[in-house]
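S.K.: If you want the building blocks of each chain, they are given just below.
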Amino acid sequence: MATDKIREAFRQPWQSQLIRFTPYIAGALLLVILPAVMPSYVQSIWTRFLIFALFASSYDLIYGHTGLLSLGHAAYFGAGGYAVAAIMLHYNINSFWITLPLGIIMATIVSAGFGLLALRVSGMYFLLVTFAFGEALYAFTWNMPWLSTHGMQGIAGLPRPDLGIPGFTWNTISFYYFILVVFLICFFLVYRIMNSPFGHALRGIREGESRMRALGYNTWLYKYIAFIITGAFAGAAGVLFVYYNRFISPTHVGVATSFLPMIMVIIGGSGTLLGPVIGAFVIVFVEYFASLFTPERWPLILGAIFVAAIMYARGGISIHLTRLWKRLDYRYGSTKS
Amino acid sequence: MKGKKLLLLVFSVCLILTIGTFLTTGCAPKAPVTQEPIKIGCLFDFTGPVADLGPKFKAGFELAMEEANYEVAGRPIKLIIEDSATDVTVALEKFKTLVARDKIQICVGPLMGDAHTAIAPYAAENKVICTSLFNSQYEIIPYKTYIIYPTTVDAQTYPFGKWVYEKLGYRTMITIGANYAGKIGYANGAAKGFTDAGGTVIQQLWPPIGAPDYSPYISAFKTADVVLYAMEGPGPVSRFIYQYHQAGLKMPLVTITQDGDYTPEALAELGDIALGIPGQSSYTWKLDTPENKKFIAGITPKLGTLFPSGAEVKTYTLGKILLAALEATGGDESYEKLWPAILNVNIRSADGPVSFAPNGVAITDMYITTAEKENGKYVLSAPLFTVRVGPDVVEATRGWVGPK
Amino acid sequence: MELLLPNLVNGISFGMILFLIAAGLSIVMGLMGIVNLAHGALYMVGAYVGWTIAVQWQLSFWLAVFVGGLGGALVGLLIERVFLRRLYKQPNEQVLLTYGFVYILSNLCIWVWGGYRRLQFTAPALYGSMDIAGMPFAKDRLVIIAIGIIIAVALWWLQDRTRVGAIVRAGMDDKETTTGLGINLNLVFTAVFILAAFIAGAAGVIGAQLLGAYSWLGTDILLYALIVVVVGGLGSVQGALLGGLIIGLIDTFGKALFPQFAMFTIYLAMIAILLAKPSGLLGRKT
Chain R
1 MATDKIREAF RQPWQSQLIR FTPYIAGALL LVILPAVMPS YVQSIWTRFL
51 IFALFASSYD LIYGHTGLLS LGHAAYFGAG GYAVAAIMLH YNINSFWITL
101 PLGIIMATIV SAGFGLLALR VSGMYFLLVT FAFGEALYAF TWNMPWLSTH
151 GMQGIAGLPR PDLGIPGFTW NTISFYYFIL VVFLICFFLV YRIMNSPFGH
201 ALRGIREGES RMRALGYNTW LYKYIAFIIT GAFAGAAGVL FVYYNRFISP
251 THVGVATSFL PMIMVIIGGS GTLLGPVIGA FVIVFVEYFA SLFTPERWPL
301 ILGAIFVAAI MYARGGISIH LTRLWKRLDY RYGSTKS
Chain B
1 MKGKKLLLLV FSVCLILTIG TFLTTGCAPK APVTQEPIKI GCLFDFTGPV
51 ADLGPKFKAG FELAMEEANY EVAGRPIKLI IEDSATDVTV ALEKFKTLVA
101 RDKIQICVGP LMGDAHTAIA PYAAENKVIC TSLFNSQYEI IPYKTYIIYP
151 TTVDAQTYPF GKWVYEKLGY RTMITIGANY AGKIGYANGA AKGFTDAGGT
201 VIQQLWPPIG APDYSPYISA FKTADVVLYA MEGPGPVSRF IYQYHQAGLK
251 MPLVTITQDG DYTPEALAEL GDIALGIPGQ SSYTWKLDTP ENKKFIAGIT
301 PKLGTLFPSG AEVKTYTLGK ILLAALEATG GDESYEKLWP AILNVNIRSA
351 DGPVSFAPNG VAITDMYITT AEKENGKYVL SAPLFTVRVG PDVVEATRGW
401 VGPK
Chain C
1 MELLLPNLVN GISFGMILFL IAAGLSIVMG LMGIVNLAHG ALYMVGAYVG
51 WTIAVQWQLS FWLAVFVGGL GGALVGLLIE RVFLRRLYKQ PNEQVLLTYG
101 FVYILSNLCI WVWGGYRRLQ FTAPALYGSM DIAGMPFAKD RLVIIAIGII
151 IAVALWWLQD RTRVGAIVRA GMDDKETTTG LGINLNLVFT AVFILAAFIA
201 GAAGVIGAQL LGAYSWLGTD ILLYALIVVV VGGLGSVQGA LLGGLIIGLI
251 DTFGKALFPQ FAMFTIYLAM IAILLAKPSG LLGRKT
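Chains as they are written, first to last, in the numbering used here: chain R, 1 to 337; chain B, 1 to 404; chain C, 1 to 286.
It is worth saying that the hints were derived from the structure and are not from the lab.
Among these hints, one or two may not hold up.
Unchecked claim - Okay, the calculated bits of chain C under chain B, using three or more residues with CB under 8 angstroms as the criterion:
(1) 3-13
(2) 62-68
(3) 82-95
(4) 166-178
(5) 198-212
Unchecked claim - Straight-line alpha carbon distances no greater than 27 angstroms define the calculated BS3-like cross-link-like pairs of lysine-lysine that follow:
(6) B:144 to B:127
(7) C:139 to B:222
(8) B:222 to B:78
(9) B:286 to B:78
(10) B:127 to B:103
(11) C:139 to B:250
Said to hold, decoys possible - Among chain C residues calculated to face chain R with C-beta under 7 angstroms, some are:
(12) 35
(13) 142
(14) 242
For each residue, glycine too, the CB sits at the ideal point set by N, CA and C.
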């Protein structure tokens with residue numbers, strides 16, 4: 001069947017082939033080829049974009065697909081990051097193969113704990129509670145001396161990860177490709193989850209929880225598992241972030257950081273695969289350009305974009321893009337024309 | 001019809017490519033020019049708890065540059081000023097940007113000690129010389145990348161602690177300071193000085209940075225001869241004095257970094273309740289030296305305030321130090337040449353003489369001041385006491401163990 | 001004893017401020033189903049406006065309270081009419097929208113009033129402390145407690161003893177029947193929202209005696225307000241009052257007795273309530 005499909009694909013007129021492949025060409029260009037020729041400062045921004053794309057995708061799982069508005073999502077992002085930073089600070093363990101799983105486990109534990117309490121309530125209370133938990137973790141990381149380099153709040157001076165490859169040293173572009181690889185793997189996992197029966201069940205819960213319960217689904221368990229999975233991926237993003245930023249502070253656990261995946265998902269399009277990635281791209285680069293021209297007004301711009309996106313760009317950018325591709329695809333027709 | 005849609009498609013692909021090229025060329029490093037300017041990055045706080053100080057720091061540094069016509073040893077000087085927002089994360093991000101995008105070799109600020117701790121590893125790696133603005137921690141010294149001026153936090157207040165015991169005659173003390181390295185250091189330096197002279201510190205409280213309400217802490221005060229407060233900037237200091245007054249407690253207050261906190265605006269806001277509090281200062285506008293007179297003449301039109309406080313003069317002196325060192329290296333701002341040149345600087349500036357110990361910590365004078373009312377305006381007084389702080393004091397302040 | 005009385009006064013006065021904000025937040029949540037995260041920002045706007053009136057223009061403090069309330073009400077009107085109205089029946093989007101406004105409002109305040117904190121201010125008559133039974137008490141705190149009690153009584157009377165209050169409570173319990181009775185719920189929604197915003201703005205000025213005005217005041221106070229709502233329960237004035245007092249006292253005594261863990265005491269209270277009675281102490285069943 002697969003080979004038939006491929007043969008079928010290659011028999012299409014060259015226009016439709018172009019359309020079909022354009023997203024992949026664009027993706028390859030944007031993610032693989034372009035960064036190689038840019039100055040290191042912009043490469044660093046690209047890395048930041050990937051990390052936040054992962055963070056936003058994890059958030060979309062709980063918000064876009066399950067329909068649970070969780071504020072304070074940076075708690076899991078920060079939990080993963082802090083776990084790694086603390087390990088490096090106190091025990092000097094820097095092997096990536098240890099720190100990544102550790103960070104993910106820590107984030108999973110935190111999200112399992114918070115989720116257990118938060119899912120006791122629903123709707124508005126869920127919002128409040130997730131918000132308060134995020135702030136509680138902020139207070140925790142602020143006040144625990146063990147979680148800080150001496151003399152400040154937060155952990156500084158962290159090195160790049162140790163891959164266990166002898167003689168290997170990092171530079172900006174090799175780090176970028178490293179993050180790209182990890183991102184693609186995680187992204188692929190998220191994609192599989194979103195398209196699995198589990199993912200379908202989540203969307204069912206989003207559309208109507210009582211209906212799902214009537215069908216015999218244990219909706220609480222599904223929501224809880226979704227919460228934990230999303231925490232795990234957010235933690236992974238947090239681990240990558242710590243390696244990118246080489247510094248983590250309570251701010252990264254707080255409200256301001258929680259806001260970012262939310263706005264990325266809204267702008268890019270919730271409940272879609274590429275939406276969070278597109279949203280992350282937009283926000284990270286708008287932030288970069290804003291920092292060049294009006295750094296003081298950046299929060300205002302961010303808030304205004306957010307409000308505009310909610311009011312007018314329902315479904316986000318990715319919906320419009322998908323419609324565009326679909327229309328073009330239809331024009332050129334995959335049928336014999 | 002088909003052609004038009006195809007055009008649209010090709011156009012979108014080209015758009016993507018264009019964006020990419022734009023990013024590439026927009027950020028490409030400029031071609032080298034013979035008399036390229038020396039780039040000095042400045043991280044001042046224009047927002048956040050100590051936002052009143054940002055414009056003052058800026059004005060002081062700019063004055064020093066203006067006096068040298070923005071050039072040294074034949075090379076022009078370019079300042080790149082960013083807002084560090086009194087936030088470690090922001091400060092670190094901005095610092096990384098300044099180094100990666102603008103290729104600065106020298107960085108002035110930020111103010112907060114915890115930002116120094118976060119930035120120092122980067123600075124050392126990239127061989128960027130940084131300076132503190134009011135203080136820094138002892139822990140930064142080994143990085144050999146920070147000029148610590150006027151001196152380390154603890155050393156700045158150690159002689160003051162002794163003075164409080166010896167001259168004011170108090171025997172027991174309570175300290176309350178903002179809970180971060182900078183003010184903890186200041187408070188503990190004074191505490192150690194007080195203890196070494198024979199006194200006893202009976203209680204130490206540390207409200208968090210930006211605490212809006214000090215009343216719980218004030219109500220937890222035991223009874224001592226004197227209360228020493230060390231809040232993070234003019235705003236919090238004013239708030240503390242106000243709330244202390246509202247609470248009606250009778251213990252006398254002393255403080256540190258008074259030249260930084262007693263800005264003319266803060267004093268005007270506080271009014272009478274600010275009078276009569278002795279404090280350690282690294283500068284007072286009433287210093288009677290020719291350098292100070294010249295500085296005041298230059299800075300007053302710039303900011304329009306009644307008198308300059310510590311903030312303006314610190315960056316002014318830092319500017320003078322950097323200019324002197326760059327002059328000595330013939331305009332070479334590389335780390336290898338500039339760092340030793342800075343250590344050899346020996347000048348007199350508006351706030352007194354400045355020279356350096358080999359580890360990068362400055363040797364300067366400290367003063368003790370208070371607030372007075374003069375012609376209906378609230379101002380900082382002339383020095384009640386002057387002491388030179390050098391490496392011996394820096395060493396003496398190590399090893400504070402806490403209240404008995 | 002030396003520790004108890006001043007902290008009691010501090011805790012209750014802080015609790016009254018929290019009550020004022022939480023009351024509006026809670027009623028709006030109960031009635032309209034919207035978590036107005038910008039409520040804290042309305043408080044902040046009121047505080048800044050009040051600062052301009054009382055400190056910059058040196059006018060009466062009580063005028064500042066009123067104008068601060070007006071400021072909050074105006075911004076609240078704008079948000080409700082222009083934005084929230086269009087997102088009818090989309091609670092998630094409404095919440096997110098209000099969150100966006102927190103950023104906008106706080107940055108606008110920096111733009112207009114500058115990036116640094118404003119010192120606490122109060123009416124000249126309330127400056128300083130007075131001695132009661134030999135101990136000094138801050139005058140402004142005592143007045144805050146008095147104001148809080150007055151407003152609590154007024155709101156409770158409005159909620160339980162007037163027709164308007166009955167309509168609001170009916171709207172919380174059963175929207176369809178209420179509309180079926182011919183009541184224009186949209187008007188009620190807007191009126192309640194504006195009243196809540198007015199109270200938040202006025203509370204901003206009243207609270208400025210303790211907290212001053214600064215650009216992240218919106219988020220700081222929002223956190224407290226949300227925890228008060230969780231603890232006290234949704235949709236009633238009594239719940240907001242009880243929650244406010246509890247949180248105010250826990251926070252103050254926590255800071256005085258355990259300075260290291262001061263920040264956690266309120267979260268512990270919240271977690272305890274979540275485990276024991278998730279709908280809050282006096283929450284209406286939703």
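S.K.: Going through the numbered hints above, which ones does this structure break? Give me the numbers in ascending order.
M.R.: Per hint list: 2, 3, 4, 8, 9, 13, 14 violated.
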